[in-house]
Structures are given as C-alpha cells and as structure tokens.
Amino acid sequence: MSRLLRSLSFRLTLIYAGLFCLSVALLMGAGYWLRVVVPMDQTRHMVEREAQTLRAIEEAHGIGATAEALDRRAQHSDGAKAFHALLAPGGHVVTSNLPGWPARSIERMSLIEADTFVDGVEIDYDALVLDQMLPDGTRLLVGRDVEELTSEAEILHFAAIWIFGVTVVLGLGIGWLMSLAIGRRIEAVTLTARQVMEGDLTGRVQVRGSGDDFDRLGETLNLMLSRIETLFQAVQRVSDNAAHELRTPLARLIGRLERLEQAAGDDLTMRVAASDAIVEANRLQQILSALMRISRLENGRHPLELQRTDVVQLLEDLAEFYQPEAERLGIELVLSARRPLVADLDLDLVFQALSNLLDNALKHAGAGRRIEISATRRPEGLDLSVRDDGPGLAADEARRVTEQFYRGKGSGGVPGDGLGLSMVAAIAQAHGAALEFADAQPGLRVSLVIPEHRLG
Amino acid sequence: MQILLVEDDAALAAHIMAGVREAGHVVEHCADGRDALVRATCECYDAIILDRMLPTLDGLKVLAALRATDDATPVLILSALGDVDERVRGLRAGGDDYMAKPFAMSELLARLETLARRNAPVAEAASVLRVADLEIDLGGHTVTRAGRRIPLTLRELRIVAYLARNAGRVVTRTMLLENVWDYNFDPQTNIIDQHISKLRQKITAEGEADLIHTVRGVGYTLRAE
Chain A
1 MSRLLRSLSF RLTLIYAGLF CLSVALLMGA GYWLRVVVPM DQTRHMVERE
51 AQTLRAIEEA HGIGATAEAL DRRAQHSDGA KAFHALLAPG GHVVTSNLPG
101 WPARSIERMS LIEADTFVDG VEIDYDALVL DQMLPDGTRL LVGRDVEELT
151 SEAEILHFAA IWIFGVTVVL GLGIGWLMSL AIGRRIEAVT LTARQVMEGD
201 LTGRVQVRGS GDDFDRLGET LNLMLSRIET LFQAVQRVSD NAAHELRTPL
251 ARLIGRLERL EQAAGDDLTM RVAASDAIVE ANRLQQILSA LMRISRLENG
301 RHPLELQRTD VVQLLEDLAE FYQPEAERLG IELVLSARRP LVADLDLDLV
351 FQALSNLLDN ALKHAGAGRR IEISATRRPE GLDLSVRDDG PGLAADEARR
401 VTEQFYRGKG SGGVPGDGLG LSMVAAIAQA HGAALEFADA QPGLRVSLVI
451 PEHRLG
Chain B
457 MQILLVEDDA ALAAHIMAGV REAGHVVEHC ADGRDALVRA TCECYDAIIL
507 DRMLPTLDGL KVLAALRATD DATPVLILSA LGDVDERVRG LRAGGDDYMA
557 KPFAMSELLA RLETLARRNA PVAEAASVLR VADLEIDLGG HTVTRAGRRI
607 PLTLRELRIV AYLARNAGRV VTRTMLLENV WDYNFDPQTN IIDQHISKLR
657 QKITAEGEAD LIHTVRGVGY TLRAE
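Sequence lines, in order, name chains A and B.
Counting in our numbering, the final residue of the first sequence is number 456, and the numbers go up one at a time with none missing.
Counting in our numbering, the final residue of the second sequence is number 681, and the numbers go up one at a time with none missing.
Don't read these hints as lab results, they were simulated from the structure.
From the three backbone atoms N, C-alpha and C, an ideal C-beta is built for every residue, glycine too.
Nothing false has been slipped in among the hints.
The following label-pair restraints were derived from C-beta to C-beta distances:
| id | chain 1 | residue 1 | chain 2 | residue 2 | range |
| --- | --- | --- | --- | --- | --- |
| 1 | B | ASP589 | A | GLY265 | 35 to 41 Å |
| 2 | A | SER336 | B | SER653 | 25 to 31 Å |
| 3 | A | GLU245 | B | ARG679 | 37 to 43 Å |
| 4 | B | ASN646 | A | GLY265 | 23 to 29 Å |
| 5 | B | ARG545 | A | GLN233 | 15 to 21 Å |
| 6 | A | ALA273 | B | ALA602 | 41 to 47 Å |
| 7 | B | ARG679 | A | SER336 | 38 to 44 Å |
| 8 | A | ASN282 | B | CYS498 | 35 to 41 Å |
| 9 | B | SER653 | A | LEU268 | 23 to 29 Å |
| 10 | A | ASN282 | B | ALA602 | 36 to 42 Å |
| 11 | A | GLN307 | B | CYS498 | 37 to 43 Å |
With the hints as extra help, turn the sequences into a complete structure.
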C-alpha cells in the first residue's frame, strides 16, 4: 500500500484528477457568477434605487401619492414584474400586488414567494423585496421578480453536483490511464536495467520510434549499454585468451616435467624434484581454473542450472564426502536438517560452495571440535550454514575473507590459495544469495541465505 | 589401440603422441577440424582425443557431425575450456569424457583405457563382479571376500564397483570423483584418498593381500597382485 502511495503513477493520477476538478469547478463558478450573481446584484441595485425614490415621494407628498406611484409602477413595469405593498401605520393595506409578506418588517432585502393566479393559472414568481419602515410608521415593500434567476441558480446547483461527480471519475480515470502509460515505459527501462545487472548484457530498452522523451531516454540508455557491452566483451576476450594462452603452455610445461621425471630413471633426487615441480604446476593450474570460474560466475557468464533439489540429501552427501577427513582430524560432524526441505538450486554450484565452507571449517576449527551443517527455512530464504566451535574470525577479517587471494591471520601453515571463499561469494552472488559471517560464540557460523523468490 | 589425436598445438601434440606411443598404442595426428572429420569417418579408431578449439572446424562441430553419422567411436574431449558447464556441454554434444588442459599424461592414459573398453563388447551388464577372491553383487548390494560378507556404505559399494569394473587399469582420483559422486565439483582437499583408505581397511582382513594398489602420483588400481 505504501508502495502504491509512493509510486509516481499514483501521484500523477491524483494530481491530474485534482487539477482537472479544480479547473471544472472554476469554470462552473464563473458561469454561476455571470448568470446568477451579477444579474441578482443588478436587480438588487434597481430595487434599492426604486425604494429610495418611493421613500422620497412618501416623505414629500404623503401616503396617497406613494400609492399612486406604486400602482403606476406595477402597471408600466418594463422588464421584470414589479411588486409592492404599502401598509399604513395601523397595518391597513393601502395598495399591494404581493400575495403575502412577513408579519413584521425585517428592514432588509429578502426573497418572497409571490405566486399569482391569472385566470386560474398559477404563475411562479420570486420577488426580491426591500422591506422598510418609514419614519412615520408606514411600511413600504418594493420588489422585482427574480424567478428566472432563482430557477437558473437551482439548475446550476443541480448541474454542479453531476458535473463535479463525472469530473472526478473522468479525472481519476484519465489520470490512471496516463500514469499507466508513463509507468509502463518507466517499467520497461527498469526491467532492462535489471536484466543487464543480472548479467545479460544484450538487454535493450524497447524504443517506440515516436521520438518522444522516453524514446530519447531509451536511445541514450541503449547507446550506453552497447558501449558497456563492447567494453565488457573486450575484457572477456582478453581474459579468455589469457586463460587459453596460459593453459596450453602450462600443459606443455607439465608434459615436459613428466618426461623429465621418466628420464630420471633411478636418480631419486631428480625424480623427486620433477614430481615436486609437477605438483606446483598442478597447483598453478588449479588457481587458474578457480580464477576463471570465479570470473565467469561474477560476470554472470555461468548460467545457473536450477533443479528441484532435496536439500537434506545434498547435505547428507556433503557430510558423507567429508566424514573420513573429519574422522581423521577427530572432528565431530553433525547434520541438522529436517525433511521435507526442497528448493530449486544449481546443485553443482551449491555443493561446491558448501564443500568450500566445510573444507575451511575442517582446516581451521582444530582437532576435537564439532562442526554442524544445517539447513533451515527463514523468512529471508533458505539458510544453509556451516558452524564450528573453533577459534572464530575477527569482525575486520570477516569483511576481507572473500577477497581473492586473501588469507586469514590464523591460516599460516594451513594449505589453501585464498580463493575458496571468493568462489563461495561468487556462487552466492549468482544465486542472488547473501553470504553471512557470524560469531557463533564460540566459533564461526557461515551462512548462505538464498532468497526463496529466486528459488521459484 | 588405434587412436586419433586431433590437436592444433604442435608441441602439446608431440608430447601426447610420445606418451600414448609409450603406453603401447598406435596414434595418428591431425591438426585441423575438417581433416579430423574426414579421417574419423573413413577409418576405424578405438578412441579419438579431440581438442575443442581447432582451425577450420570447431571440435564440438566435428563431434556432432561424427555422431550424426551414427559413429560411436569413444571421444575424449581435451580442452582449455575447463569450467563445469563447458564440460557438461562437451558431454552433451556426444563426448564420452572431458578433460581440461593442462592435464597429467597418466590421467589421459587412464581415461583412454577405460574409454576404449567402454566400447568393447564386455558383459557390462553383469551384476556380479569378481576380482581375485572379492565378489561384488551389484543387484544384491553385497560385497564378500573369501566368503566373508563385508558391510559397506552405498558410496563405498559404488567406489569398489567402479574399481572392479576397471580392474587391472589405473583409475585416477578425478575419475573416481566424477563417476562415484553425483556432483560436478572441485574439492579443495584430496578427500578421495581418505575414502579409499577406509575402504581398504574394510575389505582387507588380517593376513589378506591388499587388493587396492596405489599408483604413485596417479591413482588406484584394483587387481589380484
């Protein structure tokens, strides 16, 4: 939900709908003002002027002259129908064409319903009437018909509700469609970026050919991606060639050394020297192939072959493989995992990673220790851990152990080339997994946490 | 054995030919993919050693063309592309075995021996294997020596069965790893030796001859003496 609220599309929709409603409201307001407010004001002014004139007549010539003037006005009214009522100080009606009025004077402008019957037909009138008490106690009501304006206002009110409702729906709808269109194009860019990040450098943003802003952005990104791909391929070519060029001479070197070993015949010193040299050459070859494998994994050139795996079986095979070595070192190897635990994994890679971790634990824990291999399902994903109760690892070292050729402070005299954990890190990265080093108090716990959504 | 070597690196080819000849085989050499395909289809070899990166025609294409003509000659792919997925690709393309460069001559020879035999019409399906007084019943999952039953784990049974199937021939550590364990991986420490020594202890009783012999620097062989 919060993601929806934060999304640009959602905000665009709201902003669009808001602006759309605001402009419609302004337009309707202007119409109302022109059609109702302005004419009403004009009528009000007219009524006020007439009332003033009539008041002057009353003050100058008395009630009779006023009644005459009122009657004349009613008969000869041009435009809106004129209404009036003149009440003598006692309450006696002198002249009136209003069907009714408030019992007491309210001394201001008000709307009075003044429906009249002409030949039995009712005609609706709404009179805007100025009701005033003159100093001598005479009550004078002067008004004009504004029926047209009030019914206009009524229609406009009614229309406003409908128009506003439709506007809100329309605004939200169009805004949603608009942001959907924009969102889709942004999504296309995001997807391409992710595809490239995951190692598929051939990913390109789809360009519509309309030449709009998004197309220009897409074209620029595509140019950038092409450039990256070219550079990347160049680097790959160099490293592939280097590896190939190194492997063949290394093969020749081993070949020559083998011949030397054979030629040595009974000369034991020569034989030993040659076979030691072969061992070193083989080590060189192992480092080379480990480096190549790590680089292939790191730049996503080693495609994952996911298959449904019985994780417990995998751990059992791993424990079984290392059992004789653990026995030799006097280390207790414990497996802690419960079936069913099934996940989609690249079997060979995960086995390789766990094998490296277990190998490290066996080398560094020390005799008489206990090593536990476990698999559990955590909210973050499948947790595959190797835990020992050996000397552990300092926090500053834990950050560095995955670096290529880095060897821990306590690893003097322990065989290894400093690539085992780099390989594990590369395998973890290929699986989108996290490699965590934790203090097991005592000892070290190394976990490979593979997110479940990646496991499918 | 009659062997065809397809390898474009002259020095490496000379080395391989010398080694293979020394082991008592007849070897022909060609350095080009097209040429290799012509020779392989015209003549009959016991095994072909095939490099992957070749001039004119890629090694895997040669292999595919060969397999398309129903030629089942065992092919050992030899390549500088040594990664696991390259290996899988090579085997899927119809290769019978895959070795990464650089390699040890002894490893190559050991693999050639088992490969060529794979093609020979031996009772491969036999469910009982015998080496000296050791009897392995694959169907019944039992191993007996001189009538004494030896309790083995499933993995140990697979190791001894693989050794027995290749009795008299050298089996290298990597060959064991590839054939007995179902994972393509590269153990950092040589654990295979530990498994062999455990197995050796189990099948050798007091006063009995050791049937599993260590071939120094190469691997193991199971034979009577």
